[in-house]
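Given the coordinates of chain A, work out where chains B, C and D should sit on it, guided by the hints.
Protein chains in written order, with the working numbering: chain A, 1 to 160; chain B, 161 to 855; chain C, 856 to 1085; chain D, 1086 to 1404.
Source of the hints: derived by calculation from the structure; they are not laboratory data.
Treat each hint with caution, since some may be false.
[What the hints assert, rightly or not] To give a feel for the contact side, a few chain D residues facing chain A, derived at Cβ under 7 Å:
no., residue
1, Leu1120
2, Arg1123
3, Ala1124
4, Gly1125
5, Ala1126
6, Arg1133
7, Asp1134
8, Arg1136
9, Arg1140
10, Lys1141
11, Glu1142
12, Leu1303
13, Glu1304
For each residue, glycine too, the CB sits at the ideal point set by N, CA and C.
The chain contents come next:
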Amino acid sequence: MGLLRKIRDTGRVAEPAPPRPEGGVPAKARELGGSVQVRCVDAGSCNGCEIEIAAAFNPVYDAERYGARLVASPRHADVALVTGPVTRNMAQPLRRTVAAMGEPRLVVAVGDCAINCGEFAGGYGVEGAVSDVVPVDLQVPGCPPEPAEIIAALRRVTGR
Amino acid sequence: MPAGASGDHRRAAESDGAVSVIPAALATATALGGAGALAGCSLPRGMRIPVVGALTAGVGVGGGAVGVAALGGSRWAAALPGVLPLAGTHLAVDALAGLFMAIAGAVVAAVAVYGIGYAAGHGPHGLGSRTAQAVLPLFALTLVLVPVAASVSTFLVLWELMALASLLLVLAEHRERASVRQAGVWYAVMTHLGLVLLLIGFALFAAQAGGETFAALRAGAHTVSPMVRGLVFVLVAAAFTSKAGAVPLHAWLPRAHPEAPSPVSALMSAAMVNLGIYGLVRTGLDLLGGGPAWWWLGLMATGGASAVYGILQAAMASDLKRLLAYSTSENMGLVLIGVGASGLFAAYGDRPLAALALAAALLHVVNHAAFKALLFCAAGSVLRATGLRDLDRLGGLRPRMPVTAGLFALAALGAVALPPGNGFISEWLLLQSLIHGLAVPGVAVAVVLPLSVALIALSAGIAAAVFVKALGVGFFARPRSEQAADAKEAPPLMLAGMGLLGAGCAALALVPGLLGDGLDRAVGAVGLPGSGAVAGGGLKVRLADVSATLSPLWVVAALTAALLLAVGLPRLYGRRRRRANARLWDCGGGAPTPRMAYTATSFAEPLQRVFDDVLAPEQDVNVTPVRESAYLVERVRFQHRVPDRIEHRLYEPVLRALAGAGQASRRLAGGSVHLYLGYGFVGLVVLLLILAVGW
Amino acid sequence: MSTGLYTQLLDLACGAFLLAAVIVLWVRELTAIVRVFALQGISLAALAVLLGGHEHRWDLVGVGVGIGLLRAGVLPHLMRRALAVLTADRQRYGTAATETRETQPLINVAASLLTAALLTLLAYAVARPLTELHPTPATRALPVGLAVVLIGFFVLVTRRRALSQVVGFLLLDNGITATAFLATSGVPLIVELGVSFDVLLAVLVLQILTTRMREAFGTTDIDDLRELHD
Amino acid sequence: MSTAVGYTAVAGQIVVVGAGAPLLTGWMRQVRARLEGRAGAGVLQPWRDARKLLRKEPISPVGTGPAFRTAPALLVATTVVAAALVPLLSTDTPVSGHADLIVVVALIALGTLVLALAGLDTGTAFGGMGASREMTVAALVEPTILLSVFALSIPAGTTNIPAIVHGAVDEPARLASPAGLLATAALAVAVLAETGRIPVDNPSTHLELTMIHEAMVLEYAGPDLALVELGAQMRLTLLLGLLSSLFVPWGIATSPSWAALAVALVLFAAKLTLLGAVLAAAEVFWAKVRLFRVPELLAGSFLLALLAVTASYFLSGAS
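Next up, chain A with everything else stripped away, as it sits in the complex:
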């Protein structure tokens, strides 16, 4: 009964949706039509970006309301959210993950590290930025990027 009272007292915590992000829907994403399944790949991140991605799917930001959903298998996914500089050990798995996704598929690089290796550029274990390993469609800069920015990128894909 405690939970019921809590639900009643809390009510809706999702913040009102901000206006549509600028920049049109990428050509590949037009076919998706408001539904995007997302698979996260941590290619060597410090987990800062992971925390922000998790926050983007919490009740406050509620990325699901725009039609994005996290899934367990890249086979089910349309979008790979890749974080961190790609380490040597993760380069091959990242390629395989993207290859495992059916067409049309998009890759979103989340965070400065994913875009240009950020702090870890030139590190001995770093293979390179995400775009050096797989073609990247969208970028979300920031170290780490705010949940709102991640959501903005996802909204550009879902078009909602």
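Relative to the frame of chain A, chains B, C and D by itself:
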């Protein structure tokens, strides 16, 4: 030699004036069986196998023709006084016998064709050997002939011949594996214990009823005192349920069936165990004319226990043929539930319902024979192609042996009792008879029927898991060993044999109505009214105030239509992209090796945990540390075994006690001649004393 | 009250009565067990009131109300208090959870549920001849009372916590009371009062015992009583 | 005229289950989202997902065969046939005589089995794991379901669903009897287990090791995945519909008339909306139980079913 002997008396049989095909077909079958035995003994190896196979198939066709004729309504009886000394031979064919003959004949014919291909690929020993080829037609012949027997002595002689022939065939591969010999010993001991029980039971019955022909028994049954009747039933039922592989007298079955050559396993599992059911129905319902409720409750309890225990052991088995053997135990359990329910309803006076339950049980016998013969044959193809029975090392056979895999899938569909398989139809009928049985008054009925339904449902559920395991682990995925990777499709004759069985399965699944009248006549042979449950394209249950219908053909048609719909509609909408091939999703790591795939053992693990208390699995972990430090592990040995617990708890104490008795008796044999003579003398004196006191 | 409605309501009360016993076997949380027990008390009371109302025996209605007060009010309250004392005591050591849950019954939950199924069937089989003597809606529900007696006994045998033992004992008693009601349409008032008083006494004794046990062993797992043997 | 209405009813049932299933799922997600304080993706989201998946590229992983390829369509097909047989809208359909409740149960089990085989066909560790668990749960659910069927068919005297539903409409007291209530509870648990909902399985988990159903379908993509998801959604709709037909049968058309059919359609939608909301709300309050606690749950529901049988036999039914 029986073949020659009955050949002499063919004229005696025909002179009875029967105008049907029965005597002719019987005589042909017998002659072919004898010829087959002779051919097996005398022909050179190259010719031996095809000739014997063809003759055996002829035996099957002949027996099947008799069965079909009897199911069609013909009856035939004959007495051949000269064939057996003392009692003579009595033969009779009615619809009940006909049903079992038809099953045996069909199975024999198909398996014989399969056996030609199977035996040809083997070495000088095994099924292709002189002995095995000589015995095979005889075994086939006895399978067909046992239901024809119409007197106790004839029945017992044929029964024993069948047991001996099958024993020799079980031992066919004894040079290749030591376990075959062990299985042979178990089988020999248990089947002969069964024979002893039968002998005592029938002797008692015949003595009390005043005659040893079945007709005399039937006529005299009501004069026998209830206690003797009960004793007779218990003795005979113990023997027959043991032959049917029901718990707790099943121990021979999971040993003998896997170790026999596969065609023989198929014959045993699809035709021989049925005769246990035949004997039970014949004696319990026909000769004894039914009995009090406790007989049938006992039978239902045995059936329920066999069904659940058998399928649980099958779920744990990773040996493909052992799995199939335990599944036989399960299916015979279901049949026993049906037979028991039939007797129970009859005991309470509801004869239409009793007829329905018996029809369900008999239909399940037919269905089981069809799919189990096919399953064993397919397992035999796998064994022949890979040399493996261990599911944990099979896999990946679907692309390598597509026809075998497809036929195995067809049979497995029958075995899991789901539509559109053939097993579903008989289990549906069985469930209907039990569900409607609550109309029968009586506390026992009200308590037992829901439990029976639950047990049937549980065994059906686990059966689904079992055959998903057998098919999914054994045939799908990727090969887990080199032998499996090198597998080749079976030769055409084997495929032809399996194809016949597969056609049988499909026919039974789609148009069970073909069996309708025959089934009614078979049920009528024990004096129950025909239920008319299986007719035309569908199944109807229509009793006083209950009704239910099922038309398998409609279900299949609807499924096909729905499948087309499900495939077609998305195509209409979706943009046609070409199907892409991709590597398996390996979580980004290296490609998953077959070692990572689920094996049969791991597949069964959750079920094993759930039924921990029943199965009592044994686990053994041995950690060997390196010499320098106890903390560094050099080797870990993990052993896991699911023993047959009933065997463990029931048989081992008995065996130990017997061994103890043997030890004790050895002490009596001191080696002194005087001592032995003394025993004889004391024995004589005691006997005389007893006589003097008694009379 | 029409006979049809009366039968319906009686069956419903009996169903709830039996279901409550089953749920006691099913759940592990002791507070939930106590709550379910209170519900069972209510259904028992309803049973008595229904029977009394149907046969116009107002003393029976009175007994029903009394039973309701005792079994759905007083006894659960006493048990809750005992539980509260236990947890308050244990909170300090952070082991409250182990003390308020029937974590490891002697026979696991799935098996005890299946056993309960068999016990119910047994009760039906045993009560059948009795029912046939005088088939009324009330006697037809007789097996329910018997089944609860058996289940109560089963709880008593297989549960470890002293409190669940108390509940088992009370289930047993509820079952006996229900059987009495259904078989003879109520025991004499004075007997019922005496029995209820006994039960109250027994609970108090058990409560004291529980407290003593806790002081002596620090737990109410009655397996620890074996130590007394040594 | 009457057969036309009958066939329309059957077609209507199939269409309602097929088209309504994603909506029901969307509705349940929406209810759940609201209770969690989210905004939710909207009721139409599962349809959007399906539309997108149909447009995507189908993928056949290497080494998989016909079992993997045909399983999604078979899953949907079994559910469609079952939907035609269950009297969701009308008890008076031309197909109802061909099969009964046992067949419906068996068809649903067939769908489970087909998907389990597909899981094993991939030869991955997760596929096998999911198949193994799914079959274990399915095996244990079977006795509960059949006993509930048994309990329901005792008062009706048949296992034909239209007859059972018809009887319940005529005699509502049957539903409020202990047998009816116990059977409802038992069947409800069985439905949760069959459809892989909390507390047996969590349909929205991402953690492979806790998966049952999802683990089997990890390899599916594109249109195949769309069919698998549609199949799962249809099964949920169908089984909830079956529950509502059996236990709240009012409104189902019992005579061949267009008006009755229209009323039935509206009421069916209302019933399912309500049931879905209740289920979704309940899932917020429950946690998934450990896999090896599931047998406990199923043993409990089995006991309920058995009690239902005995109650319907002893209390009011037979004597």
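Right, here's what the structure says about each hint:
1. Leu1120: It holds, given that the least Cβ distance between Leu1120/D and chain A is near 5 Å, below 7 Å.
2. Arg1123: This interface hint holds because 5 Å falls under the 7 Å limit.
3. Ala1124: holds (4 Å)
4. Gly1125: For Gly1125/D, the interface hint holds, since the closest Cβ of chain A sits about 6 Å away, which is under 7 Å.
5. Ala1126: holds (5 Å)
6. Arg1133: holds (4 Å)
7. Asp1134: holds (5 Å)
8. Arg1136: With a closest approach of 6 Å, the Arg1136/D hint holds.
9. Arg1140: holds (5 Å)
10. Lys1141: This interface hint holds because 5 Å falls under the 7 Å limit.
11. Glu1142: holds (4 Å)
12. Leu1303: holds (4 Å)
13. Glu1304: Holds - the Cβ of Glu1304/D comes within 7 Å of chain A, reaching about 6 Å at its closest.
Violation of the numbered hints given earlier is absent; every hint is satisfied by the structure.
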